[in-house]
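With chain A fixed as given, assemble chain B onto it according to the hints.
These are the residues of each chain, in order.
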Amino acid sequence: MKKTIFALAATTAMLVAGSAFAQDKTKACFIYVGPIGDFGWSYQHHQGALEMQEALGGEEKVEIAYLESVPEGADAERAIERFARSGCGIIFTTSFGYMDATNKVAAKFPDVKFEHATGFKREHANVSTYNSKFHEGRYVQGVIAAKMSTAGVAGYIASFPIPEVVMGINAFVLGAQSVNPEFKVKVVWANTWFDPGKEADAAKVLIDQGVDIITQHTDSTAPMQVAAERGIKAFGQASDMIKFGPETQLTSIIDDWGHYYTERVKAVMDGTWEQVDVWEGMAEEHVVMAPYTNMPDDVKAAAEEIEAKIKSGEFNPFTGPIMKQDGTEWLKDGEVAEDGVLLGLNFYVAGVDDQLPQ
Amino acid sequence: MGMAEAILLTIATAATPLLLAAIGELVVERSGVLNLGVEGMMLMGAVTAFGVALMTGNAWLGVVAGALAGLLFSLFFGVLALTLVTNQVATGLALTLLGIGLSGMIGVAFVGQPGVKLEAIFIPGLTELPLVGRLFFGQDPMFYISILLTAGVMWFLFRTRAGLTLRSVGDSHSSAHALGIKVIAIRYMAVMFGGACAGLAGAQLSLVYTTQWIENMTAGRGWIALALVVFASWRPWRVLAGAYLFGAITIAQLHIQATNLADLASLPGPLFWFAGLVKSVPSQFLSALPYLATVIVLVLISRNRRLTMMNTPASLGRPFVPDR
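As you go down the protein sequences, you meet chains A and B in turn.
Using the working numbering, the first residue of the first sequence is number 1, and each one after it goes up by one.
Using the working numbering, the first residue of the second sequence is number 1, and each one after it goes up by one.
Treat the hints as calculated values from the structure; they're not laboratory data.
Take the hints with a grain of salt, since some may be wrong.
[Said to hold, decoys possible] Computed beta-carbon distance windows for the label pairs: (1) B:64 x A:271: 44 to 52 angstroms; (2) A:279 x B:84: 38 to 46 angstroms; (3) A:279 x B:128: 50 to 58 angstroms; (4) A:110 x B:285: 40 to 48 angstroms; (5) B:288 x A:163: 21 to 29 angstroms.
[Said to hold, decoys possible] Chain A stretches covered by chain B per the calculated footprint, using a threshold of three residues with CB under 8 angstroms from any CB of chain B: (6) 142-150; (7) 179-189; (8) 204-211.
Note that CB positions come from ideal geometry on N, CA and C, so glycine has one too.
The shape of chain A in the complex, shown without the other chains (with noise of 0.2 angstroms):
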């Protein structure tokens, strides 16, 4: 039923985004996996669209076009040739699951270039993927976590057991661990990126179960609102969210990818696109922590000094000794995973107490 539904919105989507195309202008085209207007990941995504338009010389320079809540599968596909066909100088494809649909439409496509967001697959030399290190933010939540919290134990609402995801859980106990080594995460899978209804249940179910702290990696503001209302901190999650828990956020992981955009559809533009596999993070600020709200000047500094180590390279959080949940050891002291093991993450640290569903 979903997907009927799905596949009818997209075919209404793609008659509106069909728009004319002037030669003198880039087409930047984007697929989205949800609405532009969840608030989270796919709004991210445009609003990096809209900034490199904006820092391009604006609509009489880079024509945007772009189709959302595009069914990962067979529909991507049908949407992405769809762009591929009209004209899209460059075609952004941010979810993960739109992996080998884009290296199919790639096939046929030599002269258009093709952007994965969060993939590994490059079949072809006019496709690239690029990622954020996410995780790097969700160390500094950690350290926030452990040294705010009087219980010693965070709600962590999770969405699917996905590397990115396990990589997030491991990164946040990690940084609570380093603060206080007895601390404790109560991990809930949602089993959905988007239900603000279940993620505000799953807040609150956390909250009732004794947790001061509530993070998630779920796509809507809901849980910071519950937290809000039951007078507990939480962290935000995709965007800023601060104006849903005005005394209740502590900071937020922001994905920034308007630089990204920027630079590839300039490359575009002056014909220097070339492939490439980028996965960055604090560094080159694709990932920007917003404000530090609601804490003491103590922890502020401790969050910022964290900040500082990570953004300039002398510490990353994935450095040993790090023993896995089952007790043998992952990384030998001052030992840092490769990135390669990070992406296919499928195992806890050791520290969380909750059972991995494979």
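Here is chain B on its own, set in the frame of chain A:
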């Protein structure tokens, strides 16, 4: 606030939008019309309620506006499916699609705005009672509205002449027509009532459940409400039971996930062993539990064919054209 009380309150909030939408759809289906547009009507109710509450600062105006929006939106369906006799299934689906898109468009300006909350009722003396205080005397108004509506629908359908007429239209529109009953007019009223209820359910989502507007924030609750009506075999009190069962399982599975086994070490042996067993179930399965429970009950109910036939409105989904 004790843990048990907290759990029950969370369940009530989760069950209320389902109950509101389902009780409205029950009346619609009892009149012989199948409106699959519940999700779309809920979204229209949610966005209108949120917008009006935000602009006027008054959550109650939001509630009224939400119900009105659902009602007006359901008229689209009425005109198409009842007057122009289009296919009800297709028209209902179209209503949902239109509702998703239209509410998203209307709501663009509301995204990222904190809304106005419909505050819970507080009665000095009663609300402070242990355990039952908050549960019976301290909830948000939408909770009371949903319970009163259920009782009202029960009384209307089975204790009034008008209710009997409505049911007769649902069971055999030709016979009702032959008796001089205005079939189309009654169905219009039922559809509008269903729309208003769905609008209220949407208002509950954007004013109580989560005080915000996000595109597609119903996340499938309209479909669950539709399933609940069948689950309840078109009986109001069973809709109530179904909505709370669904809410209870949803919340229980979250609690199971959040509970660490180590915290339960003080439990007696067999209970601890059982908790361990439940904890070893993957969370994906736990997430699917409410839906699974619905399917199982549906199967159990439909095993008794005669009883199912007796309860199902016989003219459900069949178009009515008076002159043929």
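Results of checking the hints against the structure:
{"no.": "1", "hint": "B:64 x A:271: 44 to 52 angstroms", "result": "violated, 59 angstroms"}
{"no.": "2", "hint": "A:279 x B:84: 38 to 46 angstroms", "result": "violated, 56 angstroms"}
{"no.": "3", "hint": "A:279 x B:128: 50 to 58 angstroms", "result": "holds, 55 angstroms"}
{"no.": "4", "hint": "A:110 x B:285: 40 to 48 angstroms", "result": "holds, 45 angstroms"}
{"no.": "5", "hint": "B:288 x A:163: 21 to 29 angstroms", "result": "holds, 23 angstroms"}
{"no.": "6", "hint": "142-150", "result": "violated (count 0)"}
{"no.": "7", "hint": "179-189", "result": "holds (count 5)"}
{"no.": "8", "hint": "204-211", "result": "holds (count 5)"}
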